[in-house]
Amino acid sequence: MIEMIDVCKSYRTIGGRQIILKDVNALFATGRRVGILGANGAGKSTLIRLLAGVEPLNSGRISRQGRISFPLGFSGTFHPKLSGRENVLFLARIYGADVRRVLDFVGDFSELGDYLNMPVETYSSGMRARLAFAACLAIDFDVFLIDELIAVGDARFQARCRAAFEDKLLSADVIMVTHSLSTIRAYCDCAAVLGNGQLAMFETLDGAIKAHLTAMRQLPQEASAVA
Amino acid sequence: MSNPPDFDPTPDSDLAAAEQASAASPEDANLAIQLSHLLLTSGQIERAIETANRAARSAPNDLRVIRFLSGAQAVGGQLDAAIASGLRAVELAPDNTEAREHLGGLFITQQRPQAALPHLLAATYSEGATASAWRLLALTMAELGRTDRAIEAVNQALLLAPNDIECRLHLASLLIGQGAHDAALDELDIAIQQSPGNGRIWRARSGLFDQMHQTAQALADAERAVELNPGDDECCAHLRRMQMILGIPVETGSILGPDALDVLAAAWIGLPKRRALPAAVSSGLSGAAKIQTRIIFSIMLRDMRTRFGHTRLGYVWAVVEPIVHLLTLGSVFAWLNHARPPLGNNLYLYYVTGLVPYLMFSHVSVNMISVLDSNAAILQLSGIKQTDVIMAKALLGLGTEIFVGILVFTGFALLGLQGFPVDLLTCMSATISLWFFALGMGAVNLVVARLFHPWEAIYTATIQLMYFASGIYYAPIMMPVWLRNILVWNPVLQGIEWFRSGFFANYHPHWLDQRYLLTCAGVALLLGFSLERALRKRMVVYT
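Which chain is which? The protein sequence lines are X and C, in order. No gaps in the numbering here: position 17 of the first sequence is 17 in the numbering used here, and each next residue is one more. So the mapping is simple: the numbering used here equals the position in the second sequence, first residue as 1, plus 1000.
Hints are computed from structural coordinates only; laboratory data are not their basis. Using N, Cα and C, we set each Cβ at its ideal position, and we do this for glycine too. One thing to keep in mind: the hints can contain errors.
Some chain X residues judged to face chain C by a derived CB distance under 10 Å, without partners named [stated by the list, open to error]:
1) 49
2) 78
3) 79
4) 89
5) 155
6) 185
Straight-line Cα separation of at most 30 Å, DSS-like style, residue types lysine-lysine; simulated pairs [to be verified]:
7) 22(X) x 210(X)
8) 1290(C) x 81(X)
9) 1290(C) x 1537(C)
10) 1385(C) x 168(X)
11) 1385(C) x 81(X)
12) 1385(C) x 1290(C)
13) 1537(C) x 1385(C)
14) 22(X) x 1385(C)
15) 1290(C) x 168(X)
16) 81(X) x 22(X)
17) 22(X) x 1537(C)
Only part of the chain C face toward chain X is listed, based on derived beta-carbon distances under 10 Å [to be verified]:
18) 1054
19) 1220
20) 1295
21) 1381
22) 1384
Start from the sequences and build out the full structure, keeping to the hints where you can.
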């Protein structure tokens, strides 16, 4: 469960202050799989970073219960000089997971074989992504944060990822940012729309998608009205 | 019987007239066939076959009669007899493609593709090959496992009958069997354009999407298929399966009738339930402290592994480096200076008792400047805070320097010099207090260097000056009073003197003021961590 209480977030940019969230209150309740929709630049990725706690707030509070994942498939935390195994070991330790079980899972799932004992800097980007996917799925997070569900590897590996992820969905919550309406429909049971500094939570997917599409359609009109 | 058979309900009057005509001249095969046809269309199949047999007896070499008999027997379910008649028809007219096609179809129905093959090949070799002949050939080839030939044949059939949905579905299924998913998808898309109301196509495309792992589209198509064919149990079961894969709760009863639910229950037992609440999360102060300890410890281990590149023994350098420093500088100064040691009986040992605490302070407070940059990657992980990496760095610095101290002083003990402090507790108190000061200064440096970049160079230079102002080589006990009165304000000198007061017997300098060092440490910690807290938002490191 993640609760946002009076959260404000803005950036200073060259063009002035960019407001991402303005006094947002939202509850990502346990047992829900929430999709987050919004136009490009609305701050969806920032929102995920805020929820993960790696991005500071301007004001307000975010309270979290349970283990929150790092974004699924994110390989940026790997140390290039450390082996895949050591990197996974670190993640397992950080999140207090059963080290043995996590390593077994990653060894089996990532299909990296002996490469698991090589420094991550020797990996191809595909191998890195596979390792990141495997590591995230190996740890029993209570909430999975996903910033765009990106397909990794060949069709067979994608199928395995999907199966493993769908398996996780049975025991974990999901907060997912994506552009793909079909992904939202496939994996989420409710959705929120981010825009104009507000995060509007919808009980139904259809409500959220309709609102999102309406907002998206209005954008070009507004632009042309200004022009 | 030149007209193609039509199956309109035959008026009884026609039937009666035909019966009369045929009874009048029972040898006339044509009349018998006409009667048989009428009987067939009115559902009297047994009698139709009987009449057709009578016609065949009177005209055993008439292709049309024999062919009709075969057809009637096939309709009546007498497959063996139908095949026998079919073979006879082919014998009578080996070039008749229609008879060949018919016979091939009969063999396929009997699941004898090998027998069907020559007839269907013959039927499709000719110019007038029909779409259905190609279609049958495709079925045969598929049965024989010749998928490539089957695809060729079904493509031929589609050339002749582009709107044949069954044919296109067949082609799609053959393509799927060959793994040509995209080509199959194209075919199904065409089929959907041609006949958007055909639920079977949507069902087929849903299955294909499922195979292609485009589960969302598979779901959409499955929904459409059920919408079009609400009574189709297989479609409903498929939809349910897709929903289950996607974890979508099914509104029972909305699309699925009670019967369908039984079908589903048989196929899908034990739908896993979404857990209601997360497992008990360790909360409260002790839980949080435990997690924090675990995280800091993990970061320390990682830091040890990565401090000096990828060598597995990298961390050994972290220990060797200060030892080399002690050996070289200590030796040089001890060699240059032949004076009596200010304390103890060895000048070198005296230097080392100053150098070990000094290096600890210097390492911890300087290394902190770059701690956020060197740990930027792991700061992207939920649950790791800036203070965690700061603490990990500081604790690792302390641990390393304590380890170095133990090694060096054990070395002295092995050489027969005083290796162990007289008062271990005092030495530890001094070390810890100095470490707190180093941590506080490190936190201040961290923040100030972020906001004011030259600070790193300024601080490093200051530390170098401190090397000579901390009483390492130049013993405070031997300093002129005026100089000492100035230098005692250096907290590092205070830490070193405190350490020495525990290490050497009977050394209790009157200028030593532990409370002064503790105050400095407290102020530095307060300042450093308040600054860190206040300016955390401006210090976010992006990778």
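We went through each hint and held it up to the structure:
1. 49: Cβ of residue 49(X) sits 8 Å from chain C, so the hint holds.
2. 78: holds (7 Å)
3. 79: With Cβ-Cβ at 5 Å, under 10 Å, it holds.
4. 89: For residue 89(X), the interface hint holds, since the closest Cβ of chain C sits about 9 Å away, which is under 10 Å.
5. 155: holds (7 Å)
6. 185: Holds. Min distance 5 Å.
7. 22(X) x 210(X): holds (23 Å)
8. 1290(C) x 81(X): holds (29 Å)
9. 1290(C) x 1537(C): holds (26 Å)
10. 1385(C) x 168(X): Status holds; Cα separation ~26 Å.
11. 1385(C) x 81(X): Holds, at roughly 23 Å.
12. 1385(C) x 1290(C): holds (15 Å)
13. 1537(C) x 1385(C): At roughly 12 Å apart (the allowed maximum being 30 Å), residue 1385(C) and residue 1537(C) satisfy the hint.
14. 22(X) x 1385(C): holds (24 Å)
15. 1290(C) x 168(X): Measuring from Cα to Cα gives roughly 26 Å; hence the hint holds.
16. 81(X) x 22(X): The given pair, whose Cα atoms are some 41 Å apart, is violated under the 30 Å limit.
17. 22(X) x 1537(C): The hint holds at about 17 Å.
18. 1054: With a minimum Cβ separation of about 62 Å from chain X (threshold 10 Å), the hint on residue 1054(C) is violated.
19. 1220: holds (7 Å)
20. 1295: Since the shortest Cβ distance to chain X is 6 Å, the answer is holds.
21. 1381: Because about 5 Å separates residue 1381(C) from the closest Cβ in chain X, which is inside the 10 Å limit, the hint holds.
22. 1384: holds (7 Å)
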